[in-house]
Amino acid sequence: MGEQSATGAAFRLATLLKPRCLAMVGICAGRRGEVNLGDVLVAESVFKLGSGMVRRYYKEEYPHEETFEEIKTYNLSARWLGKIRNSEQNLSDWTNSIWLKRPKSYEYQKHWLLHKIYEHQENPEANPHPKNHPNKSTECQKYGDVIEWLWDEGLLVKSDFNLKLTPEGE
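In the numbering used here, the protein residues as written are 105 to 274.
Mixed in with the good hints, there may be bad ones.
Unchecked claim - Pairs of lysine-lysine residues, derived as DSSO-like cross-links and limited to a Cα-Cα distance of at most 27 Å, are as follows: (1) 235 - 246; (2) 235 - 262; (3) 235 - 205; (4) 208 - 268; (5) 235 - 208; (6) 122 - 163; (7) 240 - 268; (8) 268 - 214.
None of these hints come from the bench; they were simulated from the model.
All values reported here derive from a predicted model rather than from experimental measurement.
Please model the entire structure based on the sequences and the hints provided.
Spelled out as structure tokens, the structure:
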């Protein structure tokens, strides 16, 4: 959505609904391997680089500009921070109450489908066609999209009725 649009939307909603608490959701540039899709993070402070005071001056007849960055533009109140820290012991109860199963990644679905196509090609009597596979709905939720993706990558022979791997797909 972007910072400017989110600010405007939050202001309009806060004015209209007058909430006691407003939570913003966005993308966290966290540490790889430590922050995952679906994790709930609470920021103690939020900042935006590029805001702050700009000082313009001349030095040896040349104009110079110096920006003094405002690093902390918002800090979570001590009261809210205390409540959050005290509730960490109950966090598992809360996260279990909002838990949604994460979808399989496109990469996983791609590999699953390639494997099932290969199995079906090698032994069609023992292995069902991937379209009719009993686990298709859980393992490859975006079946049609994944087929298009595999066609685009040159891993499937383009055909409306039959799924056949290219040499690259095998």
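### Hint numbers contradicted by this structure
6
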